Structure formats: structure tokens, C-alpha cells
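Trainee: Mind docking chain P on chain Z? Use the hints.
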Amino acid sequence: MVTPTFRFDPVEMPPEALETRKEVRAFIKEHEHLMGFSRGEFNRDFSRAMGKKGWIGMTWPKQYGGHERTSFERYVVIEEMLVAGAPLSAHYTGDRQSGPNMLRFGTEEQKNYFLPRIAAGEMAFCIGMSEPNSGSDLAGTRTRAQKVDGGYKINGTKLWTSNAHRADYAILFCKMAGDGKEEPDRHAGATQFLLDLKSPGIDIRPVINLLGEHHFNEIFLTDVFVPDNRLLGAEGNGWNQLTSELSFERSAPDRFLVLFQMLQQMIRMAGPEPDKATAAALGKLISQLATLRSMSVSIAGMLQEGINPNNESAVVKDLGTRYEQDIPVVARQLFPAEPELEAIDLYSSMIARSTMNAPRFSIQGGTREILRGIIARGLGLR
Amino acid sequence: MAIRDETRMLLESMGRLFEDHCTKQVADAAETGVFAQGLWDAVAETGVPLAALPESAGGADAEWSDLYAALRVAARFSAPIPLAETMLAGWAASSSGLETSDGPMTVGPVRLSDALTLRRDGNGWRLSGTASRLPYASFATRTVLIADGPDGEMVAAFDGTGGSDLAKGKNIANESRDTLQFNDVRLSSDQVAPVAGGVSRAALYRRGALARATMMSGALEKAMDLAVTYAQERVQFGRPISKFQAVQQNLAVLAGQTAAAVAAANLGIEALEKTSPEREEFLIAVAKTRVGEAATLACEIAHQVHGAIGFTKEYSLQLSTRRLWSWREEFGADPEWAARVGAYACRRGADNLWPMLTDG
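Quick note, the sequences are listed as chains Z and P, same order.
Okay, so the first sequence: first residue is 6 according to my numbering, each after it adds one.
Okay, so the second sequence: first residue is 862 according to my numbering, each after it adds one.
Honestly, the hints are just simulated from the structure, not real lab data.
It is possible that part of the hints are untrue.
[Stated by the list, open to error] With beta-carbon atoms standing in for the labels, derived distance ranges:
1. G1058(P) <-> E24(Z): 29 to 39 Å
2. T884(P) <-> R44(Z): 51 to 61 Å
3. N984(P) <-> F340(Z): 54 to 64 Å
4. R44(Z) <-> R1209(P): 49 to 59 Å
5. G155(Z) <-> E1094(P): 52 to 62 Å
6. K34(Z) <-> R1209(P): 13 to 23 Å
7. R1209(P) <-> F340(Z): 11 to 21 Å
[Stated by the list, open to error] Here chain Z is said to cover these stretches of chain P; the calculated rule only asks that three of the stretch's residues, wherever they fall, bring their Cβ under 8 Å from a Cβ of chain Z:
8. 1088 to 1102
9. 1208 to 1219
All of these numbers come straight from a predicted model, not from anything done at the bench.
In this text, a Cβ means the ideal position worked out from N, Cα and C, and glycines have one as well.
In isolation and in its complexed conformation, chain P is listed as follows:
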């Protein structure tokens, strides 16, 4: 049950890396629309972004659980880079035998309502449709998309954003979320392949949701850390506000919600590639639902404890809370995932509820 030594070492070294390379200045600068290249290069040098790939494809056959744990660390530091997206893009492209990139990649679709289609055109393909709000598409060295082909789902991977029309957008943490419009964009035969190795649009969506849930658990840890530290430093009425029971009780709730968020995200992570796709989906739905709930409650308390200073641009709490409010809605908001959990349980019936929770 103990965390593996390799995992602990990886997380410690990631923590040090972000401590050095992901200061508030870096996070602030990224919000002006300049990519955090120095941070990205430092992270890329560790090999973590593509570590899930087989060694033959330039990866390290790393455990997904370790990589998700690394996402949690990155999120504690509000790292303004597409680490999760690059991991997932690498997985989707490489599993289907397509090229990946050492640079930052984006992946999609990230929304269920988007439609992307591929049709044959001689030796190559034509891609049409919309991929909305792709993270960091403006800065991506490569884009990996899952689209509907004539015989089922296919992966398309190409440099930059191909020949698409790009409309810039942002979430409220000023992380780039760009919409790509493909109007019969031509792709060559080596840029498209049928999905393989467990890759599917549904699998991408749920792993994206789990990435956000995991990142949120890290951002919650940071918000809690800031709130607890601040309460011990801030003096009012002649004593630190942490000495007031009303504040203590709020911080206890914050700590409980944070612990629940980490545990819920871990439920999803532990299910990855160790169970049926259906059960993986159920546990990830549980994770995104529970973490979303925690984020809503925890952001409120973290801000309440901080008072006015937490509401400023200067103080760093907002780096975490604006991300939490954004990520909560990405790859499906918690009410959407909650409905999936409920539908799954109802479909299986009341008598299967307990086995569903206990039996792997």
C-alpha cells in the first residue's frame, strides 16, 4: 500500500523542478499570452511528458499512476503548460502508430458536442469539423485529434495546427483554450490511422477528465496550504486568526474536502488499465464528480480565510482558485459526470450497487 519508491523519487524531483522553474512570475507571465518555454523545456528534459510511451517509441513504459501523480504536483504550482495534454496526445498518437513530438502537444476533442470527420481523398484524407477549446493549441508543436472515419474512429496527428482556422480563447485562469476549425483540410496517409491500443474518443474524454480531477486535487492542496499558513500568520484582535474556532472549523472542512479530492482522484487513477473500460469510466466519473464538489466548497473557504488579500492579483491564491473554477468545467463538469454515475448505477440496479463499489 505504501507509495512506491520510484514514485516518491519522481514526485520529489518534479516538486523541486517546479519549485525552481514555476515561480509566480512564470505563471503570471504566461497569462499575457507568452508560452512558458523555459518551464516546458525543463519539464521536457525529464522525459515525463512522453514517459508513458513504450521505450521503442521514445518513452519509458512508465506507469500511468506515476504520471498522473506528476500532474498533481504540476498543478500545485499552477504550471502553465499542457503537460496532461501532451501525455494524452502522445498516448493517442503512439498507440495508433503515429508520430509524436518532443514539444508541447494538444489533444482533442475535449468536448462531447464537437464533431470531426475524416473522409478519403486519394492516398490521403480530408478533415472537417470543429475542435473547440483545445488547450494550448496556439503553442502546440503537434495536434492529435480523434475523428470519425468511414470505418470508425481514427487518430489524426499533424504538426502545429495543420491547415485549420484558429480562434484564440482562454479559460478564466488565462490558460489558452483555442478553437480549431477544419474545412476539408488535407492530411497525408501517414498523419492518420485507425484507433488502436484502447484509444477512443470516450477513453480520451475520461482520461482528460481524470487529468483535470487529479490536477484539481493538487490545486486544492495548494489552496489549503496557503489558507492554513496565512491563518497562522495573519493577526487580528491580537492573535493569529487560526486561534479562532470559527476559522479552525472552516479550515478543518477545507482539509477534509482536500483529502477527499485526493482520495477520489486516486480511485480513478488506480482503475487505469487495471479494469474494464466500463468500470474505469465509472470510477473516473466518481472522481470528477467528487473532486468537483470538493473544489466548489474548498475555494469558498480558502478565500473566506484569506479575506481581501486573497482577492488580489498580487497574492497567489487566485492562481489556484481560478484554475479550479476552470478545470471544474473542463472535460465535463461534475453534474454531468454525476449523472453518468447515477445512470450507471440505475442501469445495473439497486442490488448491484454494493458489488459495484466493492468488487474490482
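Same shape as in the complex, but just chain Z:
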């Protein structure tokens, strides 16, 4: 074989992960009234409660408020929470990517200041990557940082920023202001900042999504001052840092577990003795899910060993979004129902929510086309 293959070694969860799972299930039971279906709720009290349990920043060093647990234990906490529909939004971005990004590239002062707050569930982060004219092509960012006395002055616009209206900080991706000439290297000057969303000059406006909900925002930055000590990593190293951050973003199991309750509901409706065609349609989805999960656990194993799962994460996200988009398609064939978002009937509202949410699965965190481009690069084709 000459073609590089993606490795998904079978992994057995260590015993401590089984203990963690029990604890998480008990915790979820206590907080049952806060669980929902595919809503991405932002609940600071819940995040603080998770922080108290030691379930945020689980793998980070203790000196920064982390808990030095294994990637497997962290994986278990996340998958149990996702399946239950827990309101994770107030800490999820910080836990999944902003914190790890800082751990890798941040200064000692930044790590001491931010990481314990994220781990306690007290500080919410959001992602400042996309712009009106820079979506998949992040190197085309137009937001510019100019060096001024004691810091940087930033101008530009960020778009599709989930939870910017509720978060405390964003990791902002932009470029250093140049001399106006076209840079031959499109990644040159890329830089990341830890942006306090309360800074003067920031205007956050809602972008209502097609479900009529407010998650997205547009952020206008006008001469926003960021002090020197909030530069993340090095000036010009932003592209490298961004790639690493995206790899963290894509390695999580949230790409195939957000509609889990709908699959459960379909099993409920099928009853204990479904006809063969119904059983086969459900069995196909369950087989996809079981396979995705084993691949995802394998990625947790790679993280534990310090291996970068960039290609493998792209594979799982691509397969995972396909699976999640299939769920409402299969559902409407097995159990037709008119979709109604606020229906009293749980299933009708699930059909509505999943059908309307489906398009974003293969857009957020890297479009299907971008992911397949990453996979193709992994195969040596680009």
C-alpha cells in the first residue's frame, strides 16, 4: 500500500472513565429540568456547576485550574452531556478550543488569568474567525491590527459569531496592517488576539437564523484597543495557531451527537417489535452512529498520546454531518409528520428543529468541501 491511510486504532476506555460516566449520569439526572433537544442553550449557572465538578478544562495542568485527567474522561463527560442535551454553550468553546489554544500559545500571565476562569465555568469565549467576505477562505480576513503605543488598534467586522452577545471574550483572528501592498504569502501577518468584548469600539448586532433564533452575531470593531498582553502567540503566527485551533474544534463528538434524542424518539415510536423495513432503517443509522463513536473515541486516544488528529477529525466530521443530516430524512420516511417548531407533540418539533438545523451541520466548523479538501491533502493529492 502506498496510499496513506487514516488511523483509527481501536481503543479501550480506561477504568477511571467508567467511574466518570457514572458520576456524569447522576449529575444529569439531578439537572434533568435543564436538558433540551439540540438547542445549544447558554446557561452560566450550569457551566459553573460543571466547573465545580471539575468537568471543564479536565486535561489541563492543575496549576492553571485544570484537573490533569485523561482525554478519555473528558470525552465521556462531553458525550454524556451532548446526548442528554445539556446547556453547554457558556463554557464549551473555551473548553474545546480557546483554552487549549492558550495553553499552547499563550503567555504565563494569560494562562494564569484565563484558564482558571474558563475551568470554573465563569468565563465564556466565542470564536472570531469568519467575516462577511471571508468564510471558508479565512486567509482572506480583512480585519486589521495596527501596532500603537502599549497595544494594538483593531478595525474590521466579524460575522457568524455564535454567542458573542453573551460571551466575555473572543479569540480574534486578523492580520497586521501592512503597507497596503499585496502580500505574496496569503498567511503572512496573520495574528490572534484575546479580545475583551466589553472594550470600547465594539458593536455587537444580532443575526437571526432561519429558526428565528439569536445565536449568530455580527461584530463591528472600530479602533478597538487591545493591550500588548492580550496578543495571543506571536505576531504573524496566526495561521499556524488557527489551524491548530480548528483541529481542536473538529475533534469533538458534537458533530454526530446533537440529534441523538431524535433517534431515541424514533425507536420509541417504532415500538419493541418493528417491521423489518423500519428495523433496517433504524439499524443503519445506529450502525453509523456506533462506528462514528468508535472513530471518535479513537481520536480521543490520539489526543491522549499527543498525536494531532487533523485528518481523522475531518473524516469524522464529514461522516458525522452526513449521518446527522440523514436523521430527519429517514425520520420523515418512517414516521411522517408536519414539522412545527413549538408543537406540543415532541416528535413534530424534533422534525422541525432537525430539518431546519440540518444545513448548518455541514457548514459550521469547516464546510463539507473544505473538510474533503483537508482529507484529500492527507491523501497526498494536494
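Mentor: Relative to chain Z, chain P alone:
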């Protein structure tokens, strides 16, 4: 989590063996109805076919996971030999205290609809019924079958194909699939024994299904390797077709399906003898379902990338894809296994779905 060193060494040496002994000429020749004896002898010499047996029975107490991994390697090379069948025949016969053979063996029934019965006849037994489409029965030095006896399932093991009527058949990869008809065929008392050691018709069927799923994952790796390599060599419009995004995107899907197939087969393999028979069956059902789905999607892409050359006898892609289209249907097609997965989940109820996936 890392693959064990012994496993890696075994797989590397198997890879070299097939590289040397399983060329396209060997695979082509086997399709004309001549058994690949040279290849078989080379494989048999490694001891792999009977390695699962206890040392007392001439085996090596090998891990099933290693042997299934070896099946994946064999399938990458489209090896035209009954390696999986011999492993399973050895397991079924030896567990029940019956003789095995160093030569190629066949095992069955491989279809749920087949009925085989054993009745007492003095000291011995009489076997009746049909065993359809037994792999390589024409070339088997020994046949091992599970049949219904008066007090439950029994294993019958005999040289050749006993006194059965043999009707030759083939799958679309021209692998021998022969139907044996037993009309009150007499067997001696040392050729029949009650099932033991976890052997049952259901266990044979699911392990056969897992063997096919595992082999398919190997054939998919080969098809992907060929497609990726070909795309980088084939020049059209002044550049390798691998430089076209449309082709890249297809190959990325192919790679994803292949990775999923390997992972799904591993789910079944990891469950072998480490969990309850019920859970083993569930995970193997997941494997055959998911690998079958992958095979359907992947064959289409592998051929599309190759264009006309992939549709020829001369080029080797068809060795893999004709096997994939055959194996997909053997020991239960993916829709059949999917229905089992669904039925299992529905029987246990929605609230048990998550524990079913996470708890061993």
C-alpha cells in the same frame, strides 16, 4: 491502544507472503477453476489457518483479533483461498473434539435458510439436507457442518465432501461456492459431536459475517489505494486528474468510507470472546451493516475515478470490487443485519440505546 507488536509483525509477514505468492496471475488463474495450491501451501506453512486452536490441538492459541487482521491483509490481495472458512472450520471442529485438517477446509451452513439434520443410525449417524454455496467445497480436504441433532446442534466433520452430491457454483468474483446435498449420508461416531466451546450455528453465522466484513475492509483499502494512485498518474487536460477538485472530493469520500469500514469491522473483532454472545452479535451486526454500506458507496467511486480502464479484466480493480459485491451479500447482506441491529435496539427500548453503545 497501540497495535500489539506481535500483531504488527504477523501482519507485516503476511503482507510480504501475499505480495510474493498472490500476484494478479495467481488470482486470475484461480478464476478458471484451478485451486491456488501454491498460495495455500505458503499460507498453511505459517500456521495461520489453524492458529486459533489450542496448542494441544496443533494450533497456537492465537488471538482471534490477530487472525481477523490477517484476513484483512489476505483480502487486500484478493487471495483466492478459503482462509476464513478454514479458520472457522478448525474452530467448530476442534471445539467439539473433532479432527481438523492441514489442508483447506470449508464450513457451513452459510445460509440461514439451509436445513441439515442428523439422526442416529446404530453406532453412527445419517446426515440429510442442503448446505448451499459452501466456499471452496470442491477443493476442501475437509468439510465441517453444524446440523440439528436429536438433542440439539451437533458438529459433523468429514474428509472431502463426504458422500454428498456436489453442484458447482461461483460468486461473481469466480470464487467457488458449491452446494452440497446430503441424502441420508452415513457418518461414523467419530465424525459427529455435540457443539461445545461456544460453537453454534448462530455463532458460526455471525463470525462468518464478521470475516466477510473484515475482508471487505481489506478489499476497500486496496480499491482506495488503486484509485488514489491511479488519479495521480492519469493525466487529462494537461494535469493529473487528482488535481481536479471534483476528483479530490470523490476520493475524500472514498477514504472516509474506507476508514469507517475498517473501524466498523474492528468493533466486531474487538467484541469477539470478550462480551456476551448477544452483544457480540449486536456489534458484528453493526460491522456487517456499516461495511456493506461503505462497500456500495466506495465501489462506485473507485470505478468512477478509474474511468474505462477500471472496467477491464486486465486492470486489477475488478479483483477487489467483484469480491466486494459478492461478499456484501454473503453471510447475510447489510439490510438483513441492519434489521437485526434495529430489532435489537427496539427490543431493548429507547432508554437503553445509549448504554448499549457505551457500556461494554
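Trainee: Checked against the structure, which of the hints given earlier come out wrong?
Mentor: 4
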